[in-house]
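*Asks:* First to last, the sequence lines map onto chains W and D.
Here the numbering used here is used: the first residue of the first sequence is 1, the next is one more, and so on.
Here the numbering used here is used: the first residue of the second sequence is 1, the next is one more, and so on.
Please note that a few of the clues may not be correct.
[As the list claims (entries may be wrong)] Here are the simulated lysine-lysine pairs, DSSO-like style, with alpha carbons at most 30 angstroms apart:
no.	chain 1	residue 1	chain 2	residue 2
1	D	Lys194	D	Lys140
2	D	Lys106	W	Lys204
3	W	Lys222	D	Lys106
Source of the hints: derived by calculation from the structure; they are not laboratory data.
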Amino acid sequence: MASSTPETGKAAGQSRRFGIPGRYLVISAPYVWLLLFFLAPFAIVFNISFSSAIIAQPPYTALFDWSTGLIPQIRGTLSGYGFLLSDELYAVAYLNSIKIALVSTMLCLMIGYPMAYGIARAPAARRNTLLMLVILPFWTSFLIRVYAWIGILKNNGVLNNALISLGLIDEPLPMMHNAFSVYVGIVYSYLPFMILPLYANLAKMDESLLEAAADLGCRPWKAFLFITLPLSFPGIIAGSMLVFIPAVGEFVIPALLGGPDTLMIGKVLWNEFFHNRDWPVASAVAIAMLVLLVAPIVIFQHYQAREDDN
Amino acid sequence: MVNKSSWFAPKEVPYICIENVTKRFGGFVAVDNVSLEIHRGELFSLLGPSGCGKTTLLRMLAGLETPSEGRILVDGQDTTNIPPYDRPVNMMFQSYALFPHMTVEKNVAFGLRQDNMPPHDIDARAKEMLELVQLMNFAKRKPAQLSGGQRQRVALARSLAKYPKLLLLDEPLAALDKKLREQTQFELMNIQEKTGVTFIVVTHDQEEAMTLSTRIAVMNDGVIRQVGTPSEVYEFPNTRYVADFVGSINLFEGDVTDSPDTEHVTIRSEEVAVEFKLDAFVELPIGAKVAVAIRPEKIAISKDKPEQEENICRGKVDEIAYQGSLSIYQVELPGGKLVRVTAPNLTRTAERPIDWDEEVWLCWGRHAGVVLSD
Ligand SMILES: Nc1ncnc2c1ncn2[C@@H]1O[C@H](COP(=O)(O)OP(=O)(O)OP(=O)(O)O)[C@@H](O)[C@H]1O
Ligand SMILES: [Mg+2]
């Protein structure tokens with residue numbers, strides 16, 4: 001840049017002077033979006049979580065009382081959060097959600113990794129077709145696909161009928177309204193979110209690294225363990241986040257496929273909002289869930305960044 | 001370099017036999033019917049222009065590519081079905097292929113760890129290798145934090161670490177500066193002498209090939225054009241291609257006008273209106289179309305007419321390139337052909353330096369030229 005002629009230097013200066021709005025407009029667009037549709041609703045929910053429920057419209061007390069003068073009085077209460085601690089239902093629902101999400105994430109990883117690996121190593125001509133097949137279910141509504149599983153898993157559903165007619169079982173297997181059906185639903189629904197980031201990661205891996213490993217006397221399975229697996233770690237993390245986070249708050253799948261023993265926090269949240277009309281407690285549930293999810297991620301990223309620095 | 005080693009003893013069984021190996025990628029022939037014999041302890045160079053199939057040939061030796069035809073024997077054993085991880089062969093990749101998630105140290109130690117060596121020995125060997133390539137201070141860095149030349153040295157250290165029986169180096173020194181390159185060249189020769197490892201080195205730098213090798217194979221378009229010691233390839237090229245590719249050369253097209261026996265020949269070149277009287281081994285009929293190849297340093301340049309009667313011609317200096325130890329003159333012959341001549345700068349100031357546009361005499365001896373008939 002230092003060697004630019006006076007003419008181009010002037011042009012650059014001009015474009016900088018006139019370019020401010022355009023450039024900042026582009027940069028600010030995502031920020032405005034996040035502010036309007038993420039931070040603002042979050043602030044509202046955060047606000048509600050500290051108020052108390054009343055029978056009115058809206059069904060909670062205002063957090064700031066402006067009636068006393070210029071300086072508002074804050075009439076916040078932690079009763080919403082206190083309520084979460086008082087009833088063990090919430091703790092059970094949280095733990096259950098995290099357990100179900102964790103197990104589903106592991107299952108997705110175990111099923112998705114070989115699939116992503118297979119697609120990444122397939123001949124280039126076939127790769128796009130295989131990816132298309134992974135994305136294909138998205139063409140049908142999520143709700144309909146989850147409903148379809150009821151037809152497959154219920155007592156006189158496709159699977160049980162097939163097994164009985166083959167003579168493999170006499171009684172239908174209980175596959176609906178239990179943990180099994182919830183896992184099937186979550187793993188089925190979120191598998192593409194595991195496969196796609198893993199595929200993106202594995203496809204860009206330099207295959208000559210595996211050749212070098214083999215050349216140095218490393219057998220294929222060890223090369224996978226020492227080279228492929230550590231290098232695909234970012235893909236594993238990304239895929240696991242994409243599965244784990246929505247799975248924790250999942251509502252539709254446990255509502256449609258789950259039973260009494262698969263209580264998840266999304267369901268509890270729904271009940272608080274729509275059955276009990278207790279918005280402060282519902283908001284507290286949402287905020288607590290967010291904190292429970294965000295804290296480990298932030299800690300993880302902190303250590304990740306520190307390791308990268310070394 | 002010249003000693004009584006086995007490659008001069010053709011009776012000894014060669015360590016590596018490449019027998020009629022062809023490699024096709026689809027319809028494209030990358031390596032075309034190559035046969036080579038390489039002896040134990042040799043430092044063999046594959047020399048050729050970009051895309052001529054050098055890397056492909058090395059990859060077949062390493063077991064990373066299977067020959068479409070032919071076979072490769074190592075120590076008398078057919079290697080076709082031996083996977084790369086079971087071969088006593090290590091390769092330094094042209095792209096280095098360093099493991100990005102491992103430190104320099106771990107990269108170098110990777111091969112040793114596969115052999116279940118005791119950890120203490122692994123550390124010692126890794127250190128020794130890093131010292132060799134002068135990267136001791138970089139042991140804890142990741143490859144991404146190194147310069148191109150440093151990465152190349154890590155790759156070199158990694159391939160050397162296992163003291164393989166056969167070491168394949170794909171352009172091992174291309175990214176190093178001149179000084180480090182010369183140093184590493186001698187280091188490679190030292191290692192070779194110390195360990196007796198057989199080296200096959202790919203390069204497109206002919207000077208490097210000359211310095212390093214016991215023998216050179218010149219490749220082009222997947223075909224081996226000539227195999228020989230550096231001096232054989234330089235002084236007795238067998239084709240126009242080899243003559244032109246290895247070093248610089250003046251080629252004069254002409255016809256055989258007289259050939260009293262197989263060791264004397266007279267060639268008349270219409271191109272430059274000069275008659276070449278050469279002592280060269282040729283068995284060619286009179287009238288055969290040939291080329292006379294003369295290296296620039298084998299032509300003498302002078303302002304005064306030399307004594308000799310034959311192999312002499314006049315010209316005008318077109319360009320002079322001063323290179324310190326020697327000067328390169330480009331001389332225009334009467335027919336318009338440009339001839340390249342080098343002369344050592346023997347004194348600090350020549351009494352009568354040759355200048356631009358000056359009329360000069362060129363002359364050469366009967367042994368100066370090679371006759372090429374292809
Ligand atoms: N996997 C492959 N598929 C198709 N063609 C290939 C493949 N590998 C190499 N080739 C072709 O074979 C030819 C020889 O390649 P090779 O890599 O052996 O060249 P090289 O002599 O090592 O060249 P350089 O000096 O540039 O490294 C090239 O024309 C290349 O395009
Ligand atoms: Mg190459």
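*Asks:* If a hint holds in the structure, say so; if it does not, say that too.
*Replies:* Here is how each hint holds up against the structure:
1. D:Lys194 x D:Lys140: 28 angstroms, holds
2. D:Lys106 x W:Lys204: Answer holds: Lys106 (chain D) to Lys204 (chain W) is near 23 angstroms, not above 30 angstroms.
3. W:Lys222 x D:Lys106: Holds, at roughly 15 angstroms.
Violated hints are absent here; each numbered hint is respected by the structure.
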